[in-house]
Amino acid sequence: MDTFIQLTLNGLTLGSVYALIALGYSLVYGILKLLNFAHGDVFMVGSFIGFGALQLLGGSTDPIVPVWLLLILITLAAMAGCAVLGVAIERFAYRPLRDAPRIAPLISALGVSFFLAYSVQLMFGSQQRDYDAFSLDGGVLFLTGFNIGNVRVPLLRIVIILSAFVLMVLLWLLVTKTRTGKAMRATSYDREAAAMMGIDIDKVIVFAFVLGSALAGAAGVMFALRAPTAATIGFIAGLKGFTAAVIGGIGSIPGAMAGGLILGFAEAFTQGYISTRWSDLFVFVILIAFMLLRPQGLFGKADIKKV
Amino acid sequence: MTDPNEQQGPRIGKDEWVARHGDNRARRAGIAGTIEERLRGVPWWAWLALFTGAVCLLPLGVDSGYARRIAFDTVIYMLLALGLNVVVGWGGLLDLGYVAFFGVGAYTYAFLSSDKFDLHLPAILTIPLACAVGGAIGLLVGLPSRRLVGDYLAIVTLFFFQIFLTVTNNGENLFGTDVTGGPNGIINVDPLGLFGRELPVSTDGVFNVSYLYVALAAFVVVYVALRFADQSRTGRAWRSLREDPLAAELMGMPVSWLKLMAFAFGAAVAALAGTLVTALNASVFPQSFEFPLLITIYTMVILGGAGSQAGVVIGAILISVLLEVLREPGDARFLFYTLGLLGLFAAFRFSVRLAVVLGGTISFGLIAHAVAGRVNDLWTAGTESGGSRLGAWAAHWVIVPTDLASWVTPVSYIGLVALTLLLTLLHGWSRMALLVPTLYLAAFVWENVMLVKPEPTRFVILGALLVAVMVARPEGILGEKRVEIV
Amino acid sequence: MAGTRLLELTGVSMAFGGLNVIDELDLHVDEGEILSVIGPNGAGKTTLFNLVTGVYEPTGGDIVFAGESIKGLEPHKITQRGIARTFQTLRLFLNMSVRENVMAAAYGHTKAGVFRSMLRTPGQRREEREIRASAEQRLAFFGERLTGYRWDQPAYSLSYANRRRLEIARATATNPRLLLLDEPAAGMNPKETQEITELIGKLRTEGGFTILVIEHDMHVVEGISDRVVALDHGVKIAEGSFEQVATDARVVEAYLGTGAAERK
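Chains as they are written, first to last, in the numbering used here: chain F, 174 to 480; chain S, 3 to 488; chain W, -4 to 259.
Isolated chain F (complex conformation) (with noise of 0.2 Å):
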């Protein structure tokens, strides 16, 4: 029962993160119909600004403001990094390509997601950084917590997992009750007649990738928070952030959230009662075979063309 109790713990956790990761992907292809491969590596790249943060505010053992504000900027700091960086992707690589047949902008996101992570490794080497967050004011967030059973549920645990939930209500806001978001919304439903309609569809889709990659970031963040991060964690991580929103049905917001938490449990449990060498391959063939039976994911609508 412990066991249980740890591994939906986990599963919670990781679940979380995948989910904030499988957003961006979402967001970006209910829009543009384009799998972003470089997202995983904006997830990294904000692991590590959040690390720059961390340094520069102190360091994990001698931090200069205290840890709640602490962990606040650094996530900040990852989130508006990411956004920007998320915007230069878009401008440079994907917009030309805009009107280019549907397999040239993915080459393109290929080529970006390369250099993203090579470049991470050029300027900061190839080992890994660890925010060792545990040495943070003599370890309050593993030490204080509450325990379930004989679980215990740390500190750290709770924030990461209340953070992302803060998060992505607040994008659900954004998307369902502003108007920019009803212009998202809009434009991934018919770009063409959304422009007719007078929305600017490149403010729309810079909109989409700041908001994917600033939740992006800020799961680089929360993810580092508990493991190590290194250049190479981006592939991985955005294949699996992609799996996650086809889960869910790419395109659909809830369902990325959706998708984040089954996959994260489904990695939990796999890794707890099977092996963990074994769980990504599980995790793999859960996600072919919701793509060869239901293509169109959970939440997401079966695609009517007319010709």
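It is worth saying that the hints were derived from the structure and are not from the lab.
Hints may be right or wrong, so weigh each one.
[As the list claims (entries may be wrong)] Here are the simulated lysine to aspartate or glutamate pairs, EDC-like style, with alpha carbons at most 20 Å apart:
1) Lys106(W) x Asp153(S)
2) Lys197(W) x Glu28(W)
3) Lys106(W) x Glu122(W)
4) Lys231(W) x Glu201(W)
5) Lys206(F) x Asp375(F)
6) Lys206(F) x Asp232(S)
7) Lys206(F) x Asp303(F)
8) Lys483(S) x Asp272(F)
9) Lys376(F) x Asp363(F)
10) Lys72(W) x Glu3(W)
11) Lys72(W) x Asp246(S)
12) Lys483(S) x Asp246(S)
13) Lys106(W) x Glu123(W)
14) Lys483(S) x Asp147(W)
15) Lys231(W) x Asp221(W)
[To be verified] Partial list, computed: chain F residues near chain S (C-beta under 8 Å):
16) Val240
17) Val257
18) Ala261
19) Phe265
20) Leu270
21) Arg275
22) Ile280
23) Ser281
24) Val285
25) Leu295
26) Phe408
27) Leu460
Ideal placement from N, C-alpha and C gives every residue a C-beta, glycine not left out.
Once you've looked at the hints, dock chains S and W against the given chain F.
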């Protein structure tokens, strides 16, 4: 342009006049135009024969086993590029698992010709078998393409790649048996053998040049076979599919099946390349089949021109050479300055602007170097001479500190990327003005950051190249410039 | 031969979401005849073509061609059975030459496989020659318009009217029994329209094709049709000879509004 033999003017219209007066294709003026026209007339097999002959003669001129090994690797790259061209260029499919088929061929050969399962089949069997296995798995993996939109197929292939990596890396404990040897791979693989006679991999530690010839022969066979396929009704169908899949389907061409065929053939070619490499290395390891290799081959294909066989071969050679040159700092430095100068010449020709930019950059650098040296000796004392003249000259121009503060690397690199991107947005004088400090910063970053770490540098360049080609010239070097009329 | 139903639609419906674009349509085309389908925009004419060629699968009813149901078959299989079409908005293989466009369409009834092509067997080479000769024959059908020197030029270099002709030529290269022409005279000037009218007649008499035409230009419809069917909102509102349909009150109303029918 009046033809004195012409009795009447054109009857049907301008088109006929155009046809009567020959292929009035837009051609470049002067000698360049004439040369280009002549070159266009040379048949493809003549080029192939010429090329093959040149490579055959290579070992006569170049004695070093290392160089011959590089040549072998390049031929393998060429094979891989040819295979990917079928999938991406002819089938229009994004196969992100392509390298896995390379691996499938490699492992199949290793299974069939080593102590692993105590099978020692001759190469005349193992190579076709490996190709068949590669093609068959290609068919299986490609099957989802019938039901999935293009991007989704890309993801399925990517996952197949991951599955391949997971299985090969963890295959030393597959339900209790050691199948793939895990991270330690399979060693003691037989060399290529024919009717009991083996082709030794090396004589006295020197790479056996026969392997180069075998690879070259395989390359020629594949090139010709694919060319024939391209000229046949299947090739026509592939071209139609590229133009308009719906129209192709309605004109009786089974689009899904055609895509599947392209996918499978690409996989088979990759598998072929896998067997040759494994035979030469006498071993196979899962680490050889990683994502960077996939991006490398894609860059070769895109740079050379997806859809053009000659193009992707050229792309393969160029990138292969580039990667080799980047290994040695001295060579890499030479490459940087040469390409930089060539780039400037190509952009500005012999003009005042060229002089301004070139002169400006050189003087800017000299001044900056002098100032930096004045401020702090150590800031410019850092070049290891390495004996080359270029290195010595560069030492007077580029700022190379003995010690680099840790913030300098990321700041200068990111600055360079930002400036380069900014340059694409500017025009005219402002672009030229910004070009000067950007070029100098590029030299700085090259010397201090990139030369120091050749491994990530090569990949950074590949990634940037891929994006740049897609954005600026998606048809690559020899690809067809397509007319898309909406 | 006359009187045998080559194509028969019974109770065919096509719904997109909740919208019935085609509603319980009964329609037939007899072998050797030229049937025109007319109707205002949005009447479902192109959807009809898409149904017959397998691009859509009908949500109700059945489609029978040459005695066998083709409902649910993949489009290329339907083409191989003998139905070919042109498109309202041209869909040529623009970057391929004129000749290649026509040769490509021969795929469905030729059989040289990839492996034989790679080996260039005598059989494959012979078939290639035949495909080429056959394509040139088909192009020659169009007289001077698509003559020899044009065959090597890329399709995008053709004038608009010639592109329409090429698309018809390409469709005939699939060896169809039934030709579906979707607005073949669209965008043509009076002279070209006249040529197209003659061409369609020639396709029937010399080519032996059964033809189903969607057309807006009533001169063309009058000039070619054995029978005319009028659709409106996915429903058949009139059927018969051109005179019968053109004067049918419902047809006039569909095109010109209720006032016009009354004024008549």
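Is Lys231(W) close enough to Glu201(W), meaning Cα to Cα at most 20 Å?
The hint is violated at about 31 Å.
Satisfaction of hint between Asp375(F) and Lys206(F), Cα-Cα up to 20 Å:
holds, 15 Å
Status of the hint placing Ser281(F) at chain S (closest C-beta pair under 8 Å):
Constraint on Ser281(F) satisfied, holds at 4 Å.
Proposed proximity, Asp363(F) with Lys376(F) (alpha carbon, max 20 Å)
Between Lys376(F) and Asp363(F) the Cα gap is close to 16 Å, so the pair holds against 20 Å.
Between Lys106(W) and Glu122(W), does the CA-CA distance stay at or below 20 Å?
holds, 8 Å
Can Leu460(F) be said to touch chain S, with a Cβ gap under 8 Å?
Given a least distance of 6 Å, the restraint on Leu460(F) holds.
Report holds or violated for the interface hint on Arg275(F), using the least CB-CB distance to chain S and a cut-off of 8 Å.
holds, 5 Å
Starting from Lys197(W), check that the Cα of Glu28(W) is at most 20 Å away, please.
holds, 12 Å
Answer holds if the nearest beta-carbon of chain S is closer than 8 Å to that of Leu295(F); otherwise answer violated.
holds, 4 Å
For Lys206(F) and Asp232(S), compute the direct alpha-carbon distance and say whether it is at most 20 Å.
violated, 31 Å
Using the nearest Cβ pair, does Ile280(F) come within less than 8 Å of chain S?
Holds, about 5 Å.
Hint validation: Phe408(F) versus chain S, beta carbon distance must be below 8 Å. Holds or violated?
holds, 6 Å
When each numbered hint is compared with the structure, violations occur for hints 1, 4, 6, 7, 16, 17.
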